[in-house]
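Participant: Here's the letter readout for the chains.
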Amino acid sequence: MFVCHCGVNIAGVVDVERVAEEMRHYPGVVFSTTYQYMCSDPGQNLIRQKIEEEGLDGVVVAACSPSMHEETFRSVCRDYFSEYRCEMANIREQDSWVHESEEATEKAIKILKATVEKLKGNEDFEPILVPVEKKVLVIGGGIAGIQTALDIADAGYKVILVEKEASIGGHMAQLSETFPTLDCSQCILTPKMVSVSRHPNIKLLAYSEVTEVSGYVGNFEVKIRQKPRYVDVDKCTVCGDCEDACPVVVPNAFEMDREPRKAIYIPFPQAVPSTYTIDRDACLGLAPLTCAECREKCEADAINYDMMPRIIEEKVGAIIIATGYDMYDKSNLVEYGYGDDDDIITSLEFERMLSASGPTGGNIIKPSTGKPPKKVVFIQCAGSRDRQHMPHCSSICCMYTAKHALLYKHHVHDGEAYIFYIDIRATGKGYEEFIANVMEEERINYVRGKVAKIFREGDDIVVWGVDTLTGRKVEVRADLVVLAMALVGKETTRDVAKLFKVAVDEGIFLKEAHPKLKPVEALSRGIYYAGCAQAPKDIPAAVAQASAAASKALALISKDELEKDPLIAVVDEEHCSGCGVCISVCPYGALQRGSDGKAHCIEALCEGCGTCAAACPSNNIEMRNYRDEQIEKMIEVIV
Amino acid sequence: MSFEPKIVAFLCNWCAYAGADMAGTSRIKYPANVVPIRVMCSGRVDPEFVLDAFEKGADGVFIGGCHPGDCHYVSGNYRTRKRVIMMKKLLQEMGINPARLRLEWVSATEGKKFATVIEEFVNEIKELGPSPEGE
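As given, the protein sequences belong to chains A and B, one line each in that order. Once you know that position 128 of the first sequence is 128 in our numbering, the rest is easy, because the numbers rise by one and skip nothing. Once you know that position 39 of the second sequence is 39 in our numbering, the rest is easy, because the numbers rise by one and skip nothing.
Only chain A is shown next, with the shape it has when bound in the complex (with noise of 0.2 Å):
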């Protein structure tokens, strides 16, 4: 029995050496001492001692949660027994970071007493073997996952990627400049794309999302749907010519709505894979036909309105998460008066104004009068840091709202720009002197406060604010206000994790296995995430993010064979009456009725959960080391 301070975290709520003394005691235990980080080397040193002087055959650490350190503690006991002679109890998420001290110490016993019971109980097990399929499936084709898939693939390995929309390239295609070297965004993504498109090892399907999946770690199978695009992407040219012939004009997405498109149209002129796609909902040639008119225009016959959405399915060994971040809704911020005026503009909105593919080729404009705007208004946090919001910081409105203000003032070079924030938060490498630049070179207007209203008045936008250094009201007519939107994660993200049962906050992030020390894995075991969908991120973090995602599916199916938890279900045959209960209610189909009549559990295919053996009428199925006896004693000791 081995029990950690962990420094204070456990031993300054918990009294250990009444923990240990207490279990000194206790039937099965011959050894009980506390040590001040047992993880530590002299920690696992002092356990191999232990077990070498003492002739231990089982060993409780009592520390902190299991999805912690189990793994470090029991590779230390591998070198002497079974791993599953090594349990953890945890005192520490479950007790003394959540009790007080003497309600903690007492709660810590009795988890200790259980998790002692647990481990008289267990048996050895060596793991299955299973094979690993060499193949990565990553999904969203934003610089997060083109990354990884480029990653993937120079190494040597196939990659599947899996896009939503019509194009890759995601937000980053939208943005103008990059700060804090102002580098072109499209300049730095494009190549990428197209290596994406060229690389022999990487399958791109855009226009697709993922609908299905099954198998297990090493061994997922998936079903992708791709979107009948109604134009042939081998026979498009992109010359143009059914755009023109096009009768139909929405609203454009990745204008931010600000510009039409027709209902056949590329997304942005430097679209991967390079063609036309139809939007179904808009256009008049699907069914029923009333118009044809881009067909008949199409010289490259690439055109087929009896295009059909194709279903491919894939085995692949890990799956990367890569679906990024939306803007918080806007007609949320009432307060800043959004979607009632055309003047008051998010922060990707005007990254689209500064584009010189924009909507305005790169001029910046008010939108209600088409002139150069002579103030503006950046607003920093909207709908970020704010308990009636989102009460997440979202990383780089800081940075990018600088760098608009400081692109601002090199386009409208007599233009006054203002900046409400609440704090600057630079923290990148080159931010800081960015951002020093930007306030003594530019002479922008930084207000430290927040704003309470917006409104319209004749012309004008009137700011409503208060700067907190001066405790001073303060008023600004502007010609334009730029919000600075949260980021949230996609709502289809909350799609994509409830199909790989991997787990989202409240901002729809996804949950890591660990925020420090997994911050790119899933629980579950060959997931993995890269980018803004697991917090919103700058582009050099989401890059950074992508290569350590693309380096842990590398190291999963680099291996030939998988170890797969041997911790399965175990029918007893003999006694088993054949009534078929367990089979209706396995999910995987690993119990299977024999030419005897008796269910039959298929190891390769049981992944443990025990619903059979708690369906079970007559108590035939057994969980390997998590065993009705095992858990009835361990509710014995805590009650």
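It should be emphasised that the hints constitute simulated quantities derived from the structure, not laboratory data. All values reported here derive from a predicted model rather than from experimental measurement. Any given hint might turn out to be false.
[Unchecked claim] Partial chain B-side listing against chain A, Cβ under 10 Å, derived:
1) E4
2) R38
3) F49
4) C71
Just so you know, even glycine gets a beta-carbon here, dropped at the ideal spot from N, CA and C.
Fit chain B to the given chain A structure using the hints.
Facilitator: Here is chain B on its own, set in the frame of chain A:
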């Protein structure tokens, strides 16, 4: 001395147990009356475990699983939901207040929710008093 109920909590490894860890990481305090037993899936919770716990003197039994549709094992939590309905009827028959058995969905991110439901449950059991089985 005030009544301190003894409660066994079966927490599924993937959601509720991780949610309880999250409560810890976020340092959200809740009563210490509940002692967890980690199971891989809430679907592992055999009705016999619940009866066994009451028989041995538990004042309450808590089962924590993944939200509907989020079960790591596809559908284990749906089985749990059905079994809990059945068990509550059984408890009623046995003269044990069915409110002593509580099923909650707690995701890995819901540390706050875990602490809240545990606190609620402990208070509820305190009001009900000791379980008749335990006496």
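Participant: Which numbered hints are broken by the structure, listed smallest first?
Facilitator: none
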